[in-house]
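Residue numbers (this note's numbering), protein chains in the order written: chain A, 450 to 737; chain B, 548 to 817.
Since the hints were made in silico from the structure, they are not lab data.
Some hints here could point you the wrong way.
With a straight-line Cα cutoff of 20 Å, these simulated SDA-like cross-link-like pairs (lysine to any residue) come out [claimed, not checked]:
#, chain 1, residue 1, chain 2, residue 2
1, A, 560, A, 518
2, B, 611, A, 463
3, A, 508, B, 725
Chain by chain, the residues run as shown.
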Amino acid sequence: MSILELKNLTYTYGKKTAFEKTAVDNVNLSIEKGEFIGIIGHTGSGKSTLVQMLNGLIKPTSGQVLLDGADIWEKPKEIRKIRFKVGMVFQYPEYQLFDETVYKDISFGPKNKGLTGAELDKAVRDAAKFVGMKDELLNKSPFDLSGGEKRRAAIAGVIAMQPEVLVLDEPTAGLDPMGRELLLSQIAQYHRERKNTVLLVSHSMEDIARVADRIIVMSNSHCVMFDKTKEVFSRGRELEKIGLRVPQITKIMLELREKGIDVDEGILTVDDAVSQITSILKRKGRLW
Amino acid sequence: MVRDITLGQYYPGKSFLHRLDPRSKIILLIAYLVIIFCTFNYLSLLLVTIFTALVIAISGVPFKTYLKSLKIVITIVIITSILNLFYGTGEPIWQWWIISVTANGINRAIFVTIRIICLILASSCLTFTTSPTDLTDALERLLKPLNKIHFPVHEVSMMMTLALRFVPTLLEETDKIMQAQKARGADMEAGNLFTRIKAMIPILVPLFVSAFRRAYEVATAMECRCYNGGSGRTRMKVIHMTKRDAVGFIGVALIIIGVFICNIMMKKVI
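If we strip away everything but chain B, and leave its shape as in the complex, we get (with noise of 0.2 Å):
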């Protein structure tokens, strides 16, 4: 069924990463991505992993929600450990007719997995713990000095946070349009692709026109709520930054100072 797509991903819960300032949780995933890729040895990797590992446990959120993630980026990461497993520089250890695997090629291939796989966990740590209207207020603050460059942040995070709210609507109507077609003899599943295609002409159509009837109302529905626009406007939940945050900074600060000793002390293995 339609309904089962998961695009909401937040996982309610009362963990340390979920009372979290949802700004501090984008500024430090923003850090961290960046730190995963300036590992250069085997060590380094090892304590990017393991703080990787523990922020998850930290989470609450099962495992098996995480490996739902993981699932969908797995074929992308073993076509990128293998074109990197031939592209290494250095002396062949097998070699046959163009293609030569090196050593330098196994470690890349090993480190673009582990690097892949920690980006994939540490992303969905952020969008599991946070709920999408909390991400979009961070985003909205975060972006703020845009302002002066006139780029409408105000605008664009309202817009976020509205089709945020419309996807589950937008996916039951579409289940019930489905089911309304399908009583009508509509066959969706036999034929070649052309048929196919065809064949969701009658719920695309009455679903573009209802998301639009449904935008028509949301928009006069909010005008009648005086909503015109960002200017002026004040926030009913006001985030604030609190000691929690100062710990989650210091905790990313430590595995920043970490992974540069590593590779300062530790010869590059990439």
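If we strip away everything but chain A, and leave its shape as in the complex, we get (with noise of 0.2 Å):
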């Protein structure tokens, strides 16, 4: 069964003023349980008022959300609720980070919840763990730690809700190569041990032709794309008429093949690429 649904979803800023203006439009989709879902957009696109409907931060014009099957703003006190379900990683996150010490700081989120005890304190030292935060720095005041391990903190604050859904939005943001390889990696790891659904909005076709099973393309305030990863990089030409592109080895395998070399469209990764090339040089002997 589907975890996620969205039934004509539309949400319109400014109503019945000069700057009226419609973010995401008519936007019909369900995702399924433990789906890796990627979002790619331009600016403006969007991408960020969609994924704040999902968690109910702000309530759709018209249309809905459907978690589980339930509508969310079935029962608008307990919209809270759904908050712990689905957890929203928003664009820098380290902001938010306030606590005397990043223990505390990450068990913010699980205690509004509820847990208290033993399985607060799992619940804590699972999610420093899944983001790979020392043991010696939960001790630490968030303010003290670097850029990117407090991105790691802000994130596992978010994680220890254990919500069912998480969606992150631009986590790789500003960080080092080193840091978005490692980030992303852990956000794969996080995905497959918990086999939990994750969302993850990025501006890097890269991160997310590594990581996501399906993606969803925001054109316009409109959804134009929602497909496995490999059939939307593979419409190429598409993309960059809506201002997108595809992952650099993917451009360069769809201009191979349009100059006639038998390749796959719509490989995503580097490793992908140099088999397909190496087994083709093969069979015409140029490679021994």
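If you follow the hints, you should be able to join the two separate chains into one complex; please do so.
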């Protein structure tokens, strides 16, 4: 059964004013349990508005968000409960750190959820482990951490709520290449081990290509594509038309294909590309 | 939402008032506020009211916006007028226990109400038609003589400009932090006063941290552009007095003369 289902989801900012703008327009899609979904789209395409509706931070102007088949706005007073089920990591989440120690800060979410004692402790330590926070850092002040460590602590604060769906908005923005790589693989590992649903908003096509099962493409407030990663990235020309691009390696392979070399379309990683090219070269006898 | 709070009240436009020199607007407003409180009979009060209405009409700012600024002070108006009602002198018209209402009291209440309303409307005219930067710029120039007594006029006005510039930024930041903490299950609506204040900590701490961070960043950015205080600094846009300002001064002068004539010719009501 699908865990998240969006039905005719629409959100309009500044309704009935001069600044009226529809940020999300009639989006319909459903996400299966345990999927890793990538969300791409250029700036202002409605990605952020879309994900903020998933945990009820903003209320759709019309349409529904169904979590496990039930409308999340059915009981508006209990919307907080939804936020523990759909964890949301904002852009630059390190600015939400506030408590005396990293440990206390990570436990803010699970405490709000109602966890106590050993259960709380386990949730915090597990979350810290997922993002690769060392134990000795937990008793430090979050303001003494480095930028990358702060980011990790903030993400751990959301993971510690043990949400069924984890939404991350540009989690790797502003990190150095090593940090990006590491954080991304930790998120992928979290997804593998917890078998939870993860939604990742990113501008980096390479990141998305590496981890996502399916991709939502947003353009001008509409969901223009929702398909397997391979399928989406094999439509490179269409993506370029809406201001996006495909991963570099995919582009190279698409162009090789246009030159008449028989490679698969929608190659997503350098490793795949290497094995394809070597096998073609072997077949042609140019590689010994 | 936090964003709905209107602090920067500037309403862009091209009316006569918008194009007046901000310095003359400040001086004229002060003169006008003084004259509002020099009205002692109904004719002069009417004169002042008509002038206020005229200025509002010229400003080209929708009347609704003015009503909004009146809404904030409506309780003060009601309380002061009720108090004035009971503190009049002379023969009581109506009496009950120790409370008595006199004709003088009723007059005072009416005067106070109209005076405060005119005062708020006239001040709103200034803030609606003048951008905050123009306003601080004008203040700096008007207060320049204070430099002689070593009052740091430029520094103070720069602080005001910076503070105003950061109001929308910090509001946006507050909004973002609130969303993030709400996403972590923070509950800001439930509980008694104490728990609610406690619930603000997760918002206030990151807000202060980021305000300080921004302050340092701005300071560095300004120093990188060789800012070192007011001495020897010139302006890109120099404000000039024009014929328009003369018209403004004449208009207010006429009102002042009118009010004084009324005061001399007619009996004081309060």
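Each hint, compared with the structure:
1. A/560 with A/518: Given that 20 Å is the threshold and the Cα spacing comes to 27 Å, the pair is violated.
2. B/611 with A/463: Answer holds: residue 611 of chain B to residue 463 of chain A is near 18 Å, not above 20 Å.
3. A/508 with B/725: 16 Å, holds
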